[in-house]
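Going down the list, the protein sequences come from chains A and B. Oh and the first sequence: position 39 is 39 in the numbering used here, straight run, nothing missing. Oh and the second sequence: position 152 is 1152 in the numbering used here, straight run, nothing missing.
In short, the hints are calculated from the structure, not lab data. Watch out, some of these pointers could steer you wrong.
Heads up, simulated PhoX-like pairs for lysine-lysine below, C-alpha to C-alpha not over 25 Å straight-line [claimed, not checked]: (1) Lys1076/B with Lys104/A; (2) Lys104/A with Lys22/A; (3) Lys1181/B with Lys1152/B; (4) Lys104/A with Lys1087/B; (5) Lys1181/B with Lys1087/B; (6) Lys19/A with Lys50/A; (7) Lys50/A with Lys1076/B; (8) Lys22/A with Lys1076/B; (9) Lys1268/B with Lys19/A; (10) Lys19/A with Lys1087/B; (11) Lys50/A with Lys1087/B; (12) Lys22/A with Lys1087/B; (13) Lys1268/B with Lys1224/B; (14) Lys19/A with Lys104/A; (15) Lys104/A with Lys50/A; (16) Lys22/A with Lys50/A.
Chain A residues, not near chain B, derived (Cβ > 12 Å throughout) [claimed, not checked]: (17) Gly35; (18) Val36; (19) Ala42; (20) Ala65; (21) Arg69; (22) Cys73; (23) Ala75; (24) Ser78; (25) Pro87; (26) Cys88; (27) Leu96; (28) Arg97; (29) Glu99.
Even for Gly, the Cβ is constructed at its ideal location relative to N, Cα and C.
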Amino acid sequence: MHELSVTCSIVEVVAESAKGRKVNRVTVEIGELSGVVAESIAFWFAEVAKGTEAERASLDIRRIAGLARCEACGAEFSTPSMFTACPCGSYRFTRLRGEELNVKSIELEEVS
Amino acid sequence: MCTNCGCQGDAALMTDLQTGETRTLGAADQAGSSDRSPAHAPHSHDHSHLHGHSNEHTHSHDHGDDLGHGHGGAVKIVDVEMRILAKNDAEAAKNRAWFAGREILALNFVSSPGAGKTALLERTIVGLAGDPPLFVIEGDQATANDSERIRKAGAAVVQINTDTGCHLDAQMITRALSALKPSLGALLLIENVGNLVCPALFDLGERAKVVIFSVTDGEDKPLKYPHIFRAATIVLLSKIDLLPHLDFSLDEAIMNVRRVNPEAAICKISARTGEGLSDWYSWLRREAALARQAAFA
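Generate coordinates for the entire structure from the input sequences, incorporating the hints supplied.
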């Protein structure tokens, strides 16, 4: 449900950076453990971008896989889900990657 | 927040139960109330997460193989490098600094609908009996029913109706604070919209999230909604007076909480019988003391 508000925030950030210029492409990073469904963002984007600088922009979504460092054994391990434990069995770890929700870059059309 | 689809903010209403005044939380109100908003915190807030430096550079590359768009000229790439929720996070940081400066303990209560958030707040208002003074912000899609209950229980309360919105955001809290004006050293209890999904993502500036996990839910709730359980500082297993009538396994439920959040405090309570509430009040008073100390840290 919150993907609609997240998409609104993406368009807002894009519009602020574009400052009235036409946007061709928007690149966002969405971590696989961010709690946001990337497909849903893609679905809402065209609708939310209507009437803004990003109206005709394509959306490039980069998915970022989960990675964590174990506090018990120190190993880095991939975390495809929220409850992936370290191979050593520990649930105490620091998440390194996978929770990203970033607007990475935008590509503007040069008017020259 | 979004002027295109009205998904947040524009359709939201705020009702001050003390005065009976209702107003919309739209864009115009935002400008008008900015001087009364609690943004004048004596602490500078951390915006290390805001990378507002738009790095612009021009690329002259032809798009011969790139079929994404059909122009042939130069394009400019702007490295935005900004968190999508940066605006909410910045507003939340302002709220957090405002709370810290006033030694206020702010808690964000989250659960599925009907898990007993309002009942627990009513009971807590009576149980703490004004020590520390208690203020409430109620979030629901519609109606002021919950805030009426809170007012009757004896606390000052502001109701936010999010309309189509599925969660409270930091800006709604900022506006509610300007109406509620919680006092120095107060306890501010924010009851979020009944939803275990969306509130996980939106920081309100609270010191801790309190997740209420009713024993009438399944034991696997933490596994189904891991984000919110992971964000919890304390999980309250509620309605334990009903356990004799249910097949609910407390051990399994607690094990599932531990799987997603090994650090969370867990407390078993019944707002109806009062069982476990003294532990809950002790936790609250301890956190309130920590919030007061943090003001001088």
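Each hint, compared with the structure:
no.: 1; hint: Lys1076/B with Lys104/A; verdict: holds (14 Å)
no.: 2; hint: Lys104/A with Lys22/A; verdict: holds (17 Å)
no.: 3; hint: Lys1181/B with Lys1152/B; verdict: holds (19 Å)
no.: 4; hint: Lys104/A with Lys1087/B; verdict: holds (16 Å)
no.: 5; hint: Lys1181/B with Lys1087/B; verdict: holds (23 Å)
no.: 6; hint: Lys19/A with Lys50/A; verdict: holds (16 Å)
no.: 7; hint: Lys50/A with Lys1076/B; verdict: holds (21 Å)
no.: 8; hint: Lys22/A with Lys1076/B; verdict: holds (10 Å)
no.: 9; hint: Lys1268/B with Lys19/A; verdict: violated (53 Å)
no.: 10; hint: Lys19/A with Lys1087/B; verdict: holds (17 Å)
no.: 11; hint: Lys50/A with Lys1087/B; verdict: holds (21 Å)
no.: 12; hint: Lys22/A with Lys1087/B; verdict: holds (22 Å)
no.: 13; hint: Lys1268/B with Lys1224/B; verdict: holds (20 Å)
no.: 14; hint: Lys19/A with Lys104/A; verdict: holds (17 Å)
no.: 15; hint: Lys104/A with Lys50/A; verdict: holds (21 Å)
no.: 16; hint: Lys22/A with Lys50/A; verdict: holds (12 Å)
no.: 17; hint: Gly35; verdict: violated (4 Å)
no.: 18; hint: Val36; verdict: violated (7 Å)
no.: 19; hint: Ala42; verdict: holds (14 Å)
no.: 20; hint: Ala65; verdict: holds (17 Å)
no.: 21; hint: Arg69; verdict: holds (15 Å)
no.: 22; hint: Cys73; verdict: holds (15 Å)
no.: 23; hint: Ala75; verdict: holds (17 Å)
no.: 24; hint: Ser78; verdict: holds (17 Å)
no.: 25; hint: Pro87; verdict: holds (16 Å)
no.: 26; hint: Cys88; verdict: holds (14 Å)
no.: 27; hint: Leu96; verdict: holds (15 Å)
no.: 28; hint: Arg97; verdict: holds (15 Å)
no.: 29; hint: Glu99; verdict: violated (9 Å)
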